[in-house]
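K.L.:
Here are the chains, one letter per residue:
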Amino acid sequence: MAECDCSNQKEQKERKDVTVVCRCEDITLEKIREYIDKGITDLEQLKRLLRVGMGPCQGRTCTPLIIREIAAVTGKPLSEVPLTTFRPPTAPVKLGVLAGGECDD
Amino acid sequence: MTKTAEAIVIGGGIIGCATAYNLAKLGCKNVVLVEEKYLASGATGRCGAGVRMQWGTEPNCLLSRDSIRMFESLEEELEYNDSIEFKQSGYLLLAYNEKMVEQFHKNLGLQHKLGIPSRWVTPEEAREIVPHLNIQGLHGATFCEKDGHCNPFKATDAYAGAAKRLGVEILTYTRVTNLLKYGDKIKGVETTAGTIEAPMVISCAGSYTRELGRMVGVDIPVYPERHQILVTEPVEPLQGPMVMSFYHGIYCQQVPHGGFVMGLGDPNEIKDYNTDSTWHFMQEMAAKITFILPVLKELRVVRQWAGLYDLTPDKTQILGAVAEVPGFYVAAGFSGHGFMVAPVVGKLMAEVMLGKEHEYPIDMYGFQRFASGNLYVEPSVV
Ligand SMILES: Cc1cc2nc3c(=O)[nH]c(=O)nc-3n(C[C@H](O)[C@H](O)[C@H](O)COP(=O)(O)OP(=O)(O)OC[C@H]3O[C@@H](n4cnc5c(N)ncnc54)[C@H](O)[C@@H]3O)c2cc1C
Ligand code: FES
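Quick mapping for you: the protein sequence lines, in order, are chains A and B.
Going from the first sequence to my numbering is simple: count from 1 and add 80.
Going from the second sequence to my numbering is simple: count from 1 and add 126.
Looking at chain A on its own, in the form it has when it is part of the complex (with noise of 0.2 Å):
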C-alpha cells in the first residue's frame, strides 16, 4: 500500500506544473503559453495549430481561460481579443440520429 501512495505522489510532484485548459483535447496551459510567447496570439491560430476548442465542448470550458492568457501577453482588454466562430451542433448528436429512426441515448 506504501508504494502505492508514494508512486502516486511522484506521479503528483511531476504533473505539478501542469495545468490542463483544454479538457477536452488535454492541452496544458504550458503548451498554450509556449504557442503565444512564438507569437500566435490569434485565438482561430491557436485553435488551429493545437486544437484548443475543438473538442466536444467548443470551447465551452477553455475559450475564457485562454483568451485572458492572450489578453495578459498583448495587453488587450478581454473584450478586444477576437473569439472563434461557433459550429453547430450546439450538444454532438449521433449520425444515426440525424440519419433518422433512432432514438438518441
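For the record, the hints were derived by calculation from the structure and aren't laboratory data.
There could be a bad hint or two in this list.
Listed below are the simulated DSS-like cross-link pairs for lysine-lysine, each with C-alpha atoms no more than 25 Å apart in a straight line [said to hold, decoys possible]:
(1) Lys-129(B) <-> Lys-239(B)
(2) Lys-482(B) <-> Lys-155(B)
(3) Lys-151(B) <-> Lys-118(A)
(4) Lys-482(B) <-> Lys-111(A)
(5) Lys-118(A) <-> Lys-290(B)
Once you have looked at the hints, place chain B with the ligands on chain A.
P.N.:
The following block gives chain B with the ligands in isolation, referenced to the frame of chain A:
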C-alpha cells in the same frame, strides 16, 4: 507609404505559402505574402485533408502523384519540428454501376501508364480493406495504398515557417484591394495597409482570383461553390483508408486524431460565396454515410462547417502566366483538390515565375485552354 518587393503572393492558403517558400528558396530576395485574414483561413483550413493519386486526367495524376512523394519528406525539407500528420493508408473509390466500372478502368489505365500503384478490387476485397463497409449494390472499387491524409493547418504552418526563415514577409489581416498596372504590365498591389510595388504578382486567392483578374481586365473562369463537411468525436483507430463514393457524392476518412471527417457534394449548390452550414447537409450526410459505413451511426457529430471550392469549367486547376498582363500569374481553380497538389504547384509556380526550368507541361494548365477548347474534364470529383 509605398513598399517595394520582388514578388507579391496574394493569399495565405497552402498554395500561397508553398509558392512564397519556393520563390525564396530559389533566391527571390524580397517576397511579400498578403493574406486577408489569418493563414489557412480559406479553403485550406476547411478542407477534407485527403491526398490521392487516383485521378482521371493526366494533369491531375501528375501533380498529385509527385506531390504525395514530396509530402513523404516534407517535414525534413521544411525543417518542421512538429508533425504534418501525413499518413498513407489508401483511398477506396466505390463503383455502384456499370458506367462507373468502365470509367474506373479507364482511370486505372491512365494511372498505370503514369506509374500510380492503384488497382481494381472486388466488393469482397473491398470489405477486406474496410471491414465495416456495406457492400450492398457495390460493383467493385479501386484502391491505391499511397493515397492518404495530411493535416492542412500544420502543412501550411510548415511552409509559412520555412518561408519566414528564408526572409519572406507575411502580412496577415491585410487585403489586396486593387492590382496596379504600368502600361500592360503588372506594377504592384494596393492593400488595406498601403501600396506594394513589384514586377511579379501571383494570385493564390482561390475563387477571389476572378475578382483580381477583373481588376486588370482579364476574365479568369473560377467560380466559388460551397461544400459542407463535418467531424465526429474521436474514437479508437477503426478505418485506415478514405472511402469515397461518386455515386453518393461523399467522402469519409478517420483522421489521425481519431475523428471521422466527412463531406458531401451537392449538385444543386448555387455558385456564390455563401459558407453557411445547413441542417439539411447533416441529415443527408448522416443518411448516406450510415448506409455505406453502418457502424458510424454510433458516432457523435462534434462540429460542421463549410468552405468554398474554386471551380473551373473542366474542374482542373489554372496555373501559369497571364499572357495579357506580363508579370501577373495565377495558381487557382483547384476545384476541390488543391491541398494535395500544393507541394508541386508551389515549386512549379516559383520556377515559372523566375524563368527556371521545370518538368511539367505548364501549357496544359494555362487558362488559354478555355478559349481553344482544349479542356481536361476531370471525371472523378465529389
Ligand atoms: C469542404 C472542402 C473539402 C475539401 N477537401 C479537399 C481534400 O480532401 N483534398 C484536397 O486536396 N483538397 C480539398 N479541398 C480543396 C482545397 O481546400 C483547396 O483546393 C486548397 O486548400 C486551395 O488552397 P489555396 O491556397 O489555393 O486557397 P485558400 O486556402 O482558399 O487560400 C486563399 C486565400 O486567399 C485569401 N484572399 C482572398 N482574396 C484576398 C485578397 N483580396 N487579399 C488578400 N487575401 C485574399 C483568402 O483569405 C484565403 O486565405 C476541399 C475544399 C473544401 C471547401
Ligand atoms: S475544453 Fe477545450 S474544447 Fe472543450
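K.L.:
Evaluate each hint against the coordinates.
P.N.:
Here's how the hints hold up against the structure:
1. Lys-129(B) <-> Lys-239(B): Violated, at about 48 Å.
2. Lys-482(B) <-> Lys-155(B): Answer holds: Lys-482(B) to Lys-155(B) is near 16 Å, not above 25 Å.
3. Lys-151(B) <-> Lys-118(A): 23 Å, holds
4. Lys-482(B) <-> Lys-111(A): 42 Å, violated
5. Lys-118(A) <-> Lys-290(B): Given pair Lys-118(A), Lys-290(B) holds - Cα atoms ~13 Å apart, limit 25 Å.
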